[in-house]
Amino acid sequence: MNNHTRLSVTRRELLGSSGALVVSAAVPWLSGSAQAQGSNMKKPALAPDELDSWVAIQPDGQVIAYYGKVDLGQGLEVAIAQIVAEELDVAFDKVEIIMGDTATSLNQGGASSALGIQAGAKPLRNAAAEARRLLVDMASAKLGLAPGKLGVSDGVIFALDDVGKRVSYAELIGGQYFNTKVEWNKKNGNQMNVKGKAKPKLPAQYTLVGQPVSRRDVAWKVFGTGRYVSDITVPGMLHARVIRTPRAGSIAEAVDASSIQSIPGARVIREKNFLAVVADKEWDAVRAARLLKVTWSEAKNLFPTWEKVHDHIRSAPTLKRDDSEKTGDVAAAFQSAARVVQAEYEWPFQSHASMGPACAIVDARADHATLWTGSQKPHYARDGVAKQLGLAAEKVQGIWFIGPGSYGRNDAGDAALDAALLSKLTGRPVRVQGMRHDATAWDPKAPASVHRARAALDASGKVIGYEFTSRGFSRASIRSNESDPRDSLSGMEIGLPPNIGVGFGTPEESYGFNNKLLAWEVIPALLDGASPLRTSHLRDPVGLQIHFASEQFIDELAVATGADPVAFRLNYLTAARDQAVVKAAAEKSGWKARSSARRDLSADLLKGRGIAYAQRGGTILAVVAEIEVERKTGRIWGRKFTVAHDCGLVVNPEGLRHTIEGGLVQSLSRSLFEEVHFDKNSVTSVDWLSYPILDMKDAPESIDVVLINHPEVAPTGAGEATCRVVPAAVANAFFDATGVRLRRAPMTPERVMAALASAS
Amino acid sequence: MATTQFTVDGKPARVDGDPQMPLLYALRGDLKMINPKFGCGLAQCGACTVHINGEAVRSCVLPVSAVQGQQITTLAGLGTPDKPHPLQTAFVQEQVPQCGYCINGWVMTAAAFLKKNPTATDAQVRDALAGLKCRCGTHVSIMRAIKRAQAQMV
Ligand code: FES
Ligand code: FES
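Taken in order, these protein sequences are the chains called A and B. Everything in the first sequence is counted per the working numbering, starting at 1337 for the first residue and increasing by one. Everything in the second sequence is counted per the working numbering, starting at 1230 for the first residue and increasing by one.
Just so you know, these hints were derived from the structure itself, not from any lab. Worth double-checking, as some hints may not be accurate.
Here chain A is said to cover these stretches of chain B; the calculated rule only asks that three of the stretch's residues, wherever they fall, bring their Cβ under 8 Å from a Cβ of chain A [claimed, not checked]:
id, region
1, 1235-1244
2, 1273-1281
3, 1306-1312
4, 1362-1373
5, 1377-1383
All values reported here derive from a predicted model rather than from experimental measurement. Where a beta carbon is used, it is the ideal one built from N, C-alpha and C, also for glycine.
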């Protein structure tokens, strides 16, 4: 073990022993005696334009940086610490990141759209640079030397021509505050930024940024010495289980409280259509939820069933169409085409299916409240809880502890608002945790969709027109954060009016087709209310859906025009960085040019190789999948993957590789296995048997990652981009292996068998 | 009401209450041993795994009354930062966990398996770990860590 891991274990153990107060206790010197000693001893109120809201130097020279996003285990904490340490010229180990507590960090949007570094690091970089500038000024006054004659090394400022003349950050300001304003861009959330007078370093000056550094949250997770949100307990708290309707849209007509009489302390809590049981012991709440007799109103038959959902999408009315991404005259191009190639693709509803059901605790008092949440957007969760309780936001403290996995708007937001309502109704702190079906059946879903693509070719096979239309449920029928109870199950159950969001998305690529249209259409939700098929963000929202289709279609065009899939892409891609990732993935994987499928259907084990490429918010990547298909069982094994990844400046290659791997494997699971099943009234995917995900036997044997570093380009996101290219890469590899297209996801053994049977 | 007595990580433990209550709730609730996690409550994910007399068992479906007199080991009893189990060392070195909620299941299940099969092949390891879930997709690094630990264990 290296020093970093040792340090973090000790810190965690210390923190862990102080229980629920861990996070506020983690700033020991805030409440220390130093605070009383003078004007720089008082911390200004938390506000974006206060430098002290971003960085602090402790009496021992340690640096604290307050990060208004959270690290879900992808190494952001380390990357932010690297950036802060770089700008302040201190050793990496000196920087501690405090995040996710609304009392000590600002609302930088929480974990959102893989912007942890791209957006989240900006104000911290600027604040750290400004802090260094101020410290050098202080040293200059103290040492009687112009700032230009001073250097900084690991938090010590010294005279360049006499290193004996020196003063440390700790001596200058340790335990005190800067009391200095920075310029705030007046934005909240992801866009929040501040600027001081200092200019941050140029990438060429970096010594720490770009180095591989190990994470500090690994050891406690492996030794079990830290706490998840579900491990937090608060004195006097009740345990609760929320009971949701077995049939969407139907409500509890009668609740027989006597059915749980035999369970000590168990009772029913009800407010309009919101129904829960509480008990002092968790097991008693679980039992009570199982035993409680409820008479539900008649079934409404609102859902088309999962088998027919794509027919429904095709035939439903269009709520909104966007065809603003358009170049040239597409209709004319198709009229003059020598040949038209077209195809249609389908993607199912998918669940976050986080590793454990979400948990939250709320302690609501008359005039203030505390929330412990695993929501990846704790500031927004705090806002939602405040509204649920009728309190001002600043009267509620939201404290984030890592939850059982988080990839967008999962069930954590609902748990927070459930707990708030229950604490209000019972007058006690309440801990809510779902059962497995709450996490899988009731989390907000990634939308199901249908994608139509067509291309007009001239006589020579050149693409002269291109049209791609996605049609499906909204990417977020409820918002991607829980700042408004109207976007939560409990809010809808107590009768708040729904707050429907409408939108989808288009492929992100640089194919230079003339006469090109990228469009989307959204259809109405199946139920405007507390629905298990509400849609919201799941890792790389609508990215898998869209690029499963668009990148498979590019492959189909390559085949239709007799071109190698790599060569075809290189021929049409217009951006140099895009071409570079495609070339890098092809080269690293030992790509062999081909213009048609291998179509060798004689062997039991069929092998194929496919490529897909995309952009995502400035990040560019390509992946080559090498798969095996068991002809007798229909099983696809994604055996080897090669990823070429360009997200501008690489801050921490080690963290980046892990992030890419995790995203790839999760996306492979969604490509091959995941599909939410539902009948006319309810989601029937309720556990790991009815919603299977990738198993160890399905995990790739190897993942090769080529990182293309562009220090001159500001870093862009890496947490989601890989997800969007995997589905098409696998489908294209399947075509290479079999000569058959799989245009519907997930690519399950049943679908593979059916596709092979219909082809032969 | 019933009383069940057993040991956890070498220390005696006693739980009163519903004998049908799963061991997981006794460990997490009554005994404040929080390493086993609630993932599914259905024996489908492994997050709640503990060792009972050295065997990996899913505590979410085992009634507490069934462990009367048994020796239970949790992740914290398997190894500590100062005396880590080789799998724990390897999981740290390979930086395996993302959210980490599943890790208890993988480490505890793999530890029991490798104890009996230290030289298992990759395919055997994959087989032995079938059914465990990791939603964050850390599978590839889990395999790397197990290989690394195997090298230490033989
Ligand atoms: S919680 Fe026991 S196996 Fe999932
Ligand atoms: S690391 Fe998150 S579920 Fe495995």
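Compare the structure with the hints numbered earlier in the document and write down the numbers of the violated ones, lowest to highest. Hints 1, 5 contradicted; others consistent.
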